[in-house]
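Engineer: Residue strings, one per chain:
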Amino acid sequence: MNDNDNNKSIFVGVWDVTKKPLNAQDALDFVADDINGAADLFLGAVRNHNMGRQVKAVSYDVYEELAINNFREICEEAGEKWGTKDKPLRFYVVHGKGRLNIGGLSIMIAVGSPHRKESFEACRYVIEQIKHRSPVWKQEHYIDGDSDWVQGHALCQHG
Amino acid sequence: MEIKLQLFGAFRKYGSEIILEIPDGGLVADLRTSLEKSLGESSSRLIKISRFATDKTMLDDDSEITSNISVLAILPPVSGG
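These protein sequences, in sequence, are chains P and A. For the first sequence, the residue numbers in the numbering used here are 1 to 159. For the second sequence, the residue numbers in the numbering used here are 1 to 81.
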């Protein structure tokens, strides 16, 4: 699922990465622009351990419609912080759903900007905000056969 | 009024959705209470630290559930990335 008709400087999506793996070149191609001299790429991958337990795979559950809106909102925030109206940053954000084995890519974020500082900082902002605010859940599968949902970050209410 | 509540993450053990009844003009807080009654004490802590949402935005407990809303979701603590 993606929703990218209205704003051509931002691409956001969620899809089953077991059927369509994430492709870094797609992300870098999207954020490239004649005014951009920099691109920053963040990849999240499944690692083989967490909290002292040996992990063999992770399943990702995503509330797709809300996640798409949320990713776009986060990119717009980063665009306001580090971009300008005549030189907008370009963003590519895709989160995977489905079950991934060790080394599988779960998230890909690319940011293009005229100079490197903005793309580094905006990319860092996007991944940190997604980790704290986006409706995505990890279920870890351990080598002993057990599975558990990662405890995660509670979504704060306003006021 | 009847609300279809979509379930994600740690709530998936109860299925992909659950139907709850709340008073007409009720608040998100009423939905939280209704869910606690439905799922029982073993999920009480998880329900307390979770948040409700539409497919477009997250809701606070004092938000009214207007008559045009029939589907909501409960979001346990998130762990994306």
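These are calculated hints, taken from the structure and not from any lab test. Please read all numbers here as calculations on a predicted model, not as lab measurements. Ideal placement from N, C-alpha and C gives every residue a C-beta, glycine not left out. The reader is advised that the hints may include incorrect statements.
Stated by the list, open to error - List of simulated lysine-lysine pairs, BS3-like, C-alpha gap at most 25 Å: (1) K56(P) with K20(P); (2) K37(A) with K56(P); (3) K56(P) with K48(A); (4) K37(A) with K131(P); (5) K56(P) with K81(P); (6) K48(A) with K131(P); (7) K131(P) with K20(P); (8) K8(P) with K85(P); (9) K87(P) with K56(P); (10) K56(A) with K4(A); (11) K56(P) with K131(P); (12) K13(A) with K48(A); (13) K81(P) with K37(A); (14) K85(P) with K117(P); (15) K37(A) with K13(A); (16) K56(A) with K8(P); (17) K131(P) with K81(P); (18) K56(P) with K85(P).
Claimed, not checked - From the derived model, a few chain A residues whose C-beta atoms are all more than 12 Å from chain P: (19) E21; (20) T33; (21) L46; (22) A53; (23) T54; (24) D55.
Engineer: Could you run down the list of hints and mark each one as holding or not?
Structural biologist: Hints, verified against the model:
The straight-line distance between the Cα atoms of K56(P) and K20(P) is roughly 20 Å, inside the 25 Å bound, and the hint therefore holds. Restraint check: the Cα-Cα separation between K37(A) and K56(P) comes to about 36 Å, which exceeds 25 Å; the hinted pair is violated. Annotation: proposed proximity of K56(P) to K48(A) is violated, straight-line Cα distance about 31 Å (limit 25 Å). Distance restraint check for K37(A) and K131(P): the Cα-Cα separation of roughly 30 Å exceeds the 25 Å cut-off, and the hinted pair is therefore not satisfied.
Proximity of K56(P) to K81(P) is assessed by CA-CA distance (about 38 Å); at most 25 Å being required, the pair is judged violated. Proximity of K48(A) to K131(P) is assessed by CA-CA distance (about 20 Å); at most 25 Å being required, the pair is judged to hold. A C-alpha spacing of about 22 Å is found between K131(P) and K20(P), which places the hinted pair at or below 25 Å, so the restraint holds. For the hint pairing K8(P) with K85(P), the CA-to-CA distance comes to about 14 Å; that is within 25 Å, so the pair holds.
Restraint check for K87(P) and K56(P): not satisfied, since their Cα atoms lie roughly 43 Å apart, outside the 25 Å limit. A threshold of 25 Å between alpha carbons decides the hint, and for K56(A) with K4(A) the separation of about 16 Å falls inside it, so the pair holds. With a C-alpha separation of about 21 Å, the suggested pairing of K56(P) with K131(P) holds against the 25 Å cut-off. With a CA separation close to 17 Å, the supplied pair K13(A) and K48(A) stays within the 25 Å bound.
Restraint check for K81(P) and K37(A): not satisfied, since their Cα atoms lie roughly 44 Å apart, outside the 25 Å limit. Distance restraint check for K85(P) and K117(P): the Cα-Cα separation of roughly 17 Å lies within the 25 Å cut-off, and the hinted pair is therefore satisfied. For the hint linking K37(A) to K13(A), the alpha-carbon distance of about 17 Å falls within 25 Å, and the restraint holds. A C-alpha spacing of about 20 Å is found between K56(A) and K8(P), which places the hinted pair at or below 25 Å, so the restraint holds.
A distance of roughly 19 Å separates the Cα atoms of K131(P) and K81(P); the hinted pair therefore holds under the 25 Å criterion. Proposed proximity of K56(P) and K85(P) is contradicted: the alpha carbons are some 45 Å apart, above 25 Å. With a least beta-carbon separation of about 23 Å from chain P, E21(A) lies farther than 12 Å from that chain, consistent with its non-interface assignment. Listed as outside the interface, T33(A) is consistent with that label: its C-beta sits roughly 16 Å from the nearest C-beta of chain P, beyond the 12 Å cut-off.
With a cut of 12 Å on Cβ distances, L46(A) falls inside the contact zone with chain P, its closest approach being about 10 Å. Chain P draws A53(A) into its interface by the beta-carbon criterion, the shortest separation being 6 Å against a cut-off of 12 Å. Distance check for T54(A) against chain P: the nearest CB is about 8 Å away, which does not clear 12 Å, and the non-interface claim fails. At the 12 Å boundary, the C-beta of D55(A) falls inside the reach of chain P, the nearest C-beta of that chain being 4 Å off.
Consistency note: the structure conflicts with the earlier hints numbered 2, 3, 4, 5, 9, 13, 18, 21, 22, 23, 24.
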